[in-house]
Amino acid sequence: MIAFPFRGTRQQVIAGTRIHLRHPDITDHGEWVALRAESAEFLKRWEPVWPANDFDKVAFRGRIRRYNREIAAGTGYPYFICDKQDGRILGGITLGNVRRGVAQSGQIGYWIGVRYQGHGYMSEALGLLCEQAFTTFGLHRLEAACIPDNTRSIRVLERTGFEREGYLHSYLKINGIWRDHVLYARINPHHERGGATVKLGEKA
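Residues 1094 to 1297 (the numbering used here) make up the sequence shown, in order.
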């Protein structure tokens, strides 16, 4: 993995084998809208209902401002997944809800354009982001939650070293319905893991 500056001091490209990750920019609006519109039917099963005006350039500009605030505060790191050869946007992946202090954790969410599903791009993107989170950002724990019947997403998480930890009842409102989710997590392999596991019924 190679990270290098992109479009300014806070922008970085994280380069992989076939893809690179970079922060979204206002100039991406047209390409982003086209890919999201083309993939709308494919993605709506796995995402919240979007506001009617969310594709407007004004709304996108607000999204970019929010992204920049999160990056500056160190609470969120949004990236577009881009083809390494021609730079076209393939999807998105975000490290959000970053908590410091004793937690040192973050949550990962992602999406892929319908025409790019099944080619291994998301597995590479997730691997790159995890490495960035563990080494550059120094986080200890990463979490991701997915709907139980999203088998593609589950395979991506398990292939990238995430382990299933639990079941979250009525966790997020997806496509207008409160849906259960499966919780996955990955621990920084460079950090020592300590403590004892207490079984149910036993005293700590």
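Because the hints were derived from the structure by calculation, they are not lab data.
All residues carry an ideal CB built from backbone N, CA and C; glycine is no exception.
Take the hints with a grain of salt, since some may be wrong.
To be verified - Here are the in silico distance ranges between beta carbons for each label pair:
id, residue 1, residue 2, range
1, R1252, H1284, 20 to 30 Å
2, T1228, K1177, 43 to 53 Å
3, E1236, I1164, 36 to 46 Å
4, H1284, R1208, 20 to 30 Å
5, A1165, G1194, 31 to 41 Å
Said to hold, decoys possible - Below 27 Å or equal to it, Euclidean Cα-Cα: the simulated BS3-like pairs (lysine-lysine) are:
id, residue 1, residue 2
6, K1266, K1137
7, K1177, K1266
8, K1137, K1150
9, K1150, K1177
Checking each numbered hint in turn, tell me which of them this model violates, lowest number first. As far as the earlier hints go, 2, 3, 4, 5, 7 are violated by this structure, in ascending order.
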